[in-house]
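**Student:** All chains, please: the whole structure from these sequences, using the hints.
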Amino acid sequence: MKKIVLLVITSTVAAVPVYAANYSSFIAPSSLGKDVEVLNSQYKLGLKKQNWNGYSNAGAGACQLDVEVTKGNKIRSIRIINSASCRYITKSNVTYNSKTNTTKDLLSQVDVENIQFIPGCFNCPSTIAISDNLLIDRSIDPYYTKFEISGYNKSYLGYIAKKLFGNPVGGNYNAMMDMLELRAAQEIDFYDRNAFKIQAIKSYDLQDKPLSYTLIVK
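Mapping of the sequence shown onto the working numbering: residues 149 to 366, in sequence order.
Worth flagging that the hints you see were computed from the coordinates, not collected in a lab. Incorrect hints may appear among the rest.
BS3-like cross-link-like pairs, simulated, lysine-lysine; straight-line CA separation at most 30 Å [as the list claims (entries may be wrong)]:
1) K294 / K192
2) K357 / K345
3) K239 / K311
4) K252 / K345
5) K294 / K182
6) K294 / K350
7) K252 / K294
8) K182 / K222
9) K182 / K219
10) K192 / K357
11) K366 / K192
12) K294 / K345
13) K294 / K366
14) K222 / K239
15) K350 / K196
16) K247 / K345
17) K196 / K247
18) K219 / K294
19) K182 / K239
20) K252 / K219
21) K311 / K345
22) K247 / K302
23) K252 / K311
24) K219 / K196
25) K366 / K350
26) K182 / K192
27) K357 / K302
**Tutor:** Laid out in structure tokens, this is it:
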């Protein structure tokens, strides 16, 4: 009798469905401005509150999520880090499939006027890998998207520096990069120049797949 009861219980437990996190539905513009706790429960994301004014599910799912929120717990930005186990498809100002899409695929969907290539650093330590960013921002959208792409692009940085300052005095490349970093920090939309964008398109490896995807409220 005990064996029969045990078999029934085991069968019942085995029949209970396990629901996977719904990343594709969460990583969408419609999630911005929503209550993070509500969507966390709805999409089974495993998000936990962090001490940096946001939520993360680090180590708790196939896709790592970092979510910034307002004081009222409304979602300000969503960042999802790509990996071999993390697969999702989303549509914002571009349609993006994390498994197959390259930087070239993203650029083919937008006009040059809506993109910027933003360096992650200027004098990057050789021992630290810091990504650059492809920013896509259309005036009709209340949000913009950001894709982490491979950096550090010395060809792109060198082109910008030469355009602005000419050849480095005495070949002092590091000093010129410091000047460039200061100039970029002082100007809004510093990288929003067609000449810079064309050079970036020429010098980045457009066949690379993005390292992460972020949606941000303007």
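**Student:** Is the hinted pair K357 and K302 satisfied, with a Cα-Cα distance of at most 30 Å?
**Tutor:** With Cα atoms ~19 Å apart, K357 and K302 stay inside 30 Å; holds.
**Student:** Quickly compare the C-alpha distance for K294 and K366 to 30 Å and report which way the hint goes.
**Tutor:** The hint holds at about 12 Å.
**Student:** Given the proposed pairing of K219 with K294, does the C-alpha separation stay at or below 30 Å?
**Tutor:** holds, 23 Å
**Student:** Taking only the CA atoms, is the gap from K247 to K302 under or equal to 30 Å?
**Tutor:** holds, 28 Å
**Student:** Are the Cα positions of K294 and K192 separated by 30 Å at most?
**Tutor:** Distance ~24 Å between K294 and K192 Cα, so the pair holds.
**Student:** Just to be careful, I want the Cα atoms of K252 and K294 compared with a cutoff of 30 Å; is the pair within it?
**Tutor:** holds, 14 Å
**Student:** For the pair supplied as a hint, K182 and K222, confirm whether the alpha-carbon distance does not exceed 30 Å.
**Tutor:** Holds. K182 to K222 sits at ~5 Å (cutoff 30 Å).
**Student:** Does K345 sit within 30 Å of K252, going by the straight-line distance between their CA atoms?
**Tutor:** The hint holds at about 13 Å.
**Student:** Does the structure keep K247 and K345 at a Cα separation of 30 Å or less?
**Tutor:** holds, 26 Å
**Student:** Does K219 sit within 30 Å of K182, going by the straight-line distance between their CA atoms?
**Tutor:** holds, 12 Å
**Student:** Taking only the CA atoms, is the gap from K182 to K239 under or equal to 30 Å?
**Tutor:** holds, 18 Å
**Student:** Given the proposed pairing of K196 with K247, does the C-alpha separation stay at or below 30 Å?
**Tutor:** Holds, at roughly 26 Å.
Consistency note: the structure conflicts with the earlier hints numbered 3, 15 and 20.
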